[in-house]
Amino acid sequence: VIAATTPPPAPHIDWAGLSSLTVLLGAAVVVLLVGLLRPRVVRETVVPVLALVGFLGAIGGAIWQTGSPEHLVARSLRLDDLTTVLTYVFCTGGAAAVLLSWRATAPREAAHGEYYALLLTSAAGMWVLVAAENLVALFLGLELLSVPLYVLCATEMRRATSLESGLKYLIIGSVGSATLLYGLAFIYGATGATDYAAIGQAVGGSIGDDALLLTGIALTVAGLSFKASIAPFHQWTPDVYEGAPTPITAFMAVATKAAAFGVFLRFFDTALLDDSAIWGPALATLATITIIVGNVGALGQSSLKRLMAWSSVAQAGYMLAGVVVATQLGVQATVFYLGVYLMMNLAAFGVIAVRERETALGDDIASVRGLGFARPSLAMAMTLAMLGLSGIPATAGFIGKFYLIDAAVAGDYAWLGVVIVIGSMVSLAYYLRVIAAMWMQEAPEATGEPATLTSTGRPALAGGSAEADAPRANAQPEAWFVAVFFGLATLVFGIVPSPLFDLAVKAGKAFPSLF
Amino acid sequence: MNLTLLLWLPLAAGVVAVTLTGRQAGWVMLTGSLATLAYAVVMIFKFDTGVPGLQFVIDRTWISELGIHYKLGVDGLNVILIVLATLLFAASIAWAAMRDWVRPGLFFFWLGLAESGVLGALLSQDLALFVIFFDLMLVPFLFLGGGWGTSPNHVAGVIKLFIYTLVGSLLMLAAAVATGVLAPGDSITFDLAQLAQRRLPTGSQEWIFLFFAAAFLVKMPAFPMHGWMPDGYKAMPMPVLAVFSGILSKVAAYGFLRIVLPLYPNASAHFQDLMLLIALVSILYGSAMAFTTPDSRLILGYSSVAQLGFITLGIFALRDAGAQGALLQAANHGLVVAPAFFIVALLAARAGGSEDIRDMGGLAFRAPVLATLFLIVAFANLAMPGSSNFVGEFLILLGTFQSKVVIASVAFIGVVLASVYTLRLFIRSMHNRVGPKDTSREIALVDGLVVAPLVALIIAFALYPQLALKRSQGAVTASIRDAKVLSTPAREAAR
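Each protein sequence line maps, in turn, to chains A and B. The numbering used here numbers the first residue of the first sequence as 1 and each following residue consecutively. The numbering used here numbers the first residue of the second sequence as 1001 and each following residue consecutively.
With the rest of the complex left out, here is chain B (with noise of 0.2 Å):
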């Protein structure tokens, strides 16, 4: 597997399809994404499962000044969620694919340079290297939501975004060349391997957690950080959307694994109280707000707040399970919100492009096929039992119940709500009354060539979740293990 071919060939796409007009240009992103997705597919089964550490390693100096390597790697962390942003990228591609868009060969352009730019982070073995493509990954956003934006006030709001998550970009930046510089050794590295074992001082892994925390929370988002969500959701168009929900989110809770517990495990056990609060406290607004506002996008987004404070949980209760659950809901999470986003759209579409519940209702008599496919979407974002997602979120509160009881009982709260706001959404726009402006009709061929699919995956996921578990297990069990150790209480340890 060469992973420098995976990471560029959607770039590669996207340079190739500036240079086209009109649908051509979607159409060959769409088949540099498809072969991004083959390539990727292929990956996870020349994947060896019973090796632990990096597969498929390339390791270059490209900056020898400041000791920067371009280090890619493949190993259980990040091997599904490699898999599943080749797969949403693909999916978000076909999609705008059969659209027209103004430019249309800047728009697919700046869409391959996001999922280079997704993928580089992903992929990364090197600190600099994941700051670069985690910045990186960011600007095309800036461009599609400001250019192709779908509200009034598109501009201002995806501005909005791109500052708050770059503040939190920024912080990591200086945060990530001080682990470099200040850590113990002769010569300044990145190595993400190498960095973990030469351990800062408490000291300074404390404000360097706090500024990498602060990152990735602002992407997530997590509550008191989540001020750029509503207007930059709403800047942007519904298949870039998609991917940014689906996986950009999950590249968060991704560098939490991958950088801060095993470079950081004292800072991590010290502010674990801080961060499970942080996410308690995500889910509960998440879920509130996803039941109160009226516009469907919004209930998706908030979920998606309350859905990663579900992650961060997991991550942080810094044990095997959680973090187990946590990886996995991080998968289940990307492949439940990019289809229920695009079956927003259409619904959008039939309640004459109004995204309010208010204007919607009664579409199921006429689209039972469309219904199925969301009700199953549904179903699997409530995390019901026999979905994919309630075996990540009884993980994850397997973990936090078996190191902080009182958080994880509070949590289970966030269940029920779920299903309170997904249940909400689903019968406002498939039941009840049919809306003013409603024109029910079934989901058209081409919608449904990239809808189901998804869906196919969800149930296929939901029936052999072991895909995920079985991978990521060892890398993950090492990712949290120093950390966990120093969380545990002597006394409980003993035991």
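Only chain A is shown next, with the shape it has when bound in the complex (with noise of 0.2 Å):
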């Protein structure tokens, strides 16, 4: 009997390929037991300086591994390029984030070290996420992903719309994940498979015929649009970008859109390439549904948080034509938009950021009223990021656009591209807004003087005048250097591209059957 139940062999482990995700959760260890100490210096730079250190330790474990793809622990995780630049991706988020959190209530209200180790402990998520081509491993990743988010949701936890954030996404995060295992199940159950490999071989071009695949497929889809926002699933996105700290509504909004997308790329374009000529179109219609939703959506919205929700689930519609499309320039299309978009959104919720602690007006629209000449710096990063998210030219917004619409043309997808440009028009209502607020409103006290910090509509009581705020106005250079570093970073890659151009065509040709 002992012999029998002998445990099968541990699988050989490459530890330098998981170097990524052991560098992360080792950091969140540690972070998590250093928060412990008494200092306070401490608790509010040393945390954070660690945190960072792991996030770029993170970037650099993943160029050091970069080099011919390798399957990791017994197959279920794959190391390849698409892996190795989507985290560069989700690490510079969450990089980013911290930066962000520096100054933030959140990390002081929730103890600096469980903040830190819950965020780098989602980023490990999203790392097993991209790389899973295992559907164990894919739930898994994607737990490890949401669980931590769902708490850092909640971490301002004397603002009830942060609490009332994290229920939301608890609620239908989990909602989500029990429909993604649900399917997995059924795609387990017709195929008798795991293995992205092995499910490819067993469907082989007939999904059409199994009723039990088909309803797991559109359960898993389900259960992903969760993950990334793409409507009819993104109900919660601008109730929860709103409601959570903001350095955490942008570490979601770029890095748990990279790691979605991520899945979807491989899980499609791997497991169920045979049948892109079933599933494509599928995708295609829940893509111009997004588009519209997004952008409609996004349409009077007078929060600044809930606007870059909206224009997240709106550009999530867009990022899916290059998945839908099956070919490698569709990845690579996507990969590319999603190294963009990061820069874009960084950039805008770093102005936010900033301008939530300036003024009292948290992240309304009027919040930026006058910034054109009170913060020209802040002003001009988060005009370049509108202008990119709306797909103007001379950003980098334009050329993701551009090889998307590209990417689907090609795929014979021309009407989903041009769902993309009819999408980037109305986004412009509402992106154009934040413009004009910027730069054409001017704070009523500060008409025709130069450089003086506006508070408009602030109380009274609420402390303070300008003269008051102004010796806070660069208190925070970490926040306004996330701003203008990935404003400019918008610009410069907007007129030159091919950096990133590398990027996304290395992660492309990860999927060799693709053409």
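Any given hint could be a false lead.
Label-pair distances were calculated between CB atoms; the ranges are [stated by the list, open to error]:
hint: 1; chain 1: B; residue 1: Q1024; chain 2: A; residue 2: A475; range: 29 to 39 Å
hint: 2; chain 1: A; residue 1: I495; chain 2: B; residue 2: D1186; range: 25 to 35 Å
hint: 3; chain 1: B; residue 1: D1186; chain 2: A; residue 2: W64; range: 35 to 45 Å
hint: 4; chain 1: B; residue 1: L1445; chain 2: A; residue 2: F481; range: 47 to 57 Å
Don't read these hints as lab results, they were simulated from the structure. All figures in this text were calculated on a predicted structure; none of them were measured in a lab. The beta-carbon is built from N, C-alpha and C at its ideal position, and this holds for glycine as well.
Take the two lone chains and join them into the complex the hints point to.
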């Protein structure tokens, strides 16, 4: 009996290949423990620095392991250029979130160690998710990514909307996870395999015949759509984005999106590649709905975070076009856009974070009114982000959109390319409102006087006049840096996009079976 | 000639200007734009009229993955328009440099970017590059109109303008990408010369044509797409409006000749009637509005709608004479409308700041020089025989007669209407009773320095329109050749 139950031999584990993951998880443990130390300087400075080192170390690990693709841990994870490039994306997002959190209320209220440890754990989940080539690893990664985020959304514990956001995200996210798990179980039931490659062989171009498999795939799409905020599974997005602490919103917007699209690309372009004629039109329909819903939803929003939430829904629709076509060009365009999207969103959220702390207006669009005259560098960053998101030339957003339309047309989905441009037209209406607020409306008391800090509508009781605020104006160099750095990146990569193209093309080559 | 230098010089001056304050910013930008103008004038003399094809070509790969090249070149189609663009920008910047603006550095930076954008659109010989500059040249006008606007609701007006025109531009983006991807051939390219060789199937040509037409007709503006024009024109400060109306609309007309006719000849022939009809309605509608509105700025705005209608008519006559006339008229209209806007600004300054012609009148008594300058501009605008505009309209109508007699006969009404609205503007402001708030005074020397050279050029151009015609002839004929053949019925071709 004892001989019969001998456990199977443990798989060979290539620790070097897992370096990004181990660095993230290791940093999470270190940060958590260091956060227990008493001195304030340790909690408020050493801990974020360690978290930053963790994210940069994970990027370093990814660079170190760049090379020929390999399977890790008994073919459950795959380290290839898609994994590597997306690691750059979400770790950059994580590092930016650390910088934005530096002076935020959330880590102070929720304890620094826990806050940054959760952030690192969530990024580790993203790594597992994009590397997964097995249904079990996929689900593990998804949960590891989501659960810390549920908590992080609620870390501003004295603000009701933050708690509401966390609770909403928990409930809706759990429904999404459950749907996904259900779908994965169906797929396993229909094919008898959890491995992407084995599923691909078992399916072999016949999903249309098998109701069980088709249901499984539909449920899986729905589950993943919750994470990527693809309509009609996007309803949580505006509330959660608005309620969550701004650094966490920024992290969710850029990193979760990258991870969700990573798994979309790998799952559909590996396991279900032969059936692209069947799921392609279905995903194209989802993309169309998402583009319309996202752009129309953003139209009348007065909260910048809600506006960015709806805009992220619309942008997810654009990116889905790269998945729909099931070509290497599509993968490249999606990865390229994820990189560009990271820059534009971090620039915007950087500005939102700065203004949230400088004015009493929160994330209302009025908080950036007259910013062009008071803080030109911030306003320029926000302007570049908005122009980029709406796809105006000389920004990286234009090239990204060009690439996506290129992929859509080349993949015989020319109409989807037209839907993308129609979506961009609608989006102008709300992105321009932000630009108009910054450059074309002056805060009443700042009229004609340059470089005066605006504080429109600030109630007298909230404390402060323009003079009192002035010393605080540059009190957040790290958030200012995030905004300006990524704003500049949006401009620079709009003029010299080749470095990003190199990465995107490498990621596309990770799918040799695509053409 | 280094076209890269020509293209980026204004932006470089703008970047310097943004760091300066006060009048200095304006002077720096003016120096930059005058240098650009001088360089463009040198170019027109170095331009070899006898040589077909592009000259001074610069061709570098920009984004190899997408097949986008940084390819600039000059030929008969754009050479005159490039000089016109640098001239009008220099005039506008000179006008602006003599006035005080809030945040002058930023103001002149945007003007510099606008000039580089316009020159880029005119110089591009790569479809993707053209699309980029066509969109980019609009961005500065959003900020110029929104930040330094003149009407009470200028922000709404300029946003309306921006959205309208970008809707067209984005459609054009999709169409341009589709052109590059769908064109037969092994590798993707956006090079205009190569695309003209690899013709698309007629079905694709048709939807792509409509998207391009939407972009260009909105920018012109032509009749059903002109909704942004009244609010947008009112929103912009006068020197900005002079370049906007003077040159940006011409880029759209130029786009038809540069891109649409050579690349999509089947679709151009197919939609010829539709385009002629749009042109005709624009002429009639623009003229009718121009002699009913009391706002002097909008009189010029609607007259532009009519004039651009004539230009479209000439292009889509798909005959050599018509297209030649259209290109000449594009240059003429730019040269006329810019000083006309400056003169309206002067009139408004004398009528208590009001641009309503009911508040004007009798200005000619004490301002004979201003009146004379205005009269020359007005005569040119109504295409008085002897003016270059007359040559342009004549060629346009000649071309239209050759292809569609009925449309040409109706279009003649537009010539008559042009004299009605132009003379109405002149008479109501210069003659008649002195308006209630009028303080008639002569044109100031600084303003004269801007307006008089433009007026002198109108006269020079009237005496010697061959300056444009000779240089453009070969390129225009080549541009419309395929579409012309396809649109000509077989029996007529046999004759």
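Non-conforming hints, listed in increasing numerical order: none
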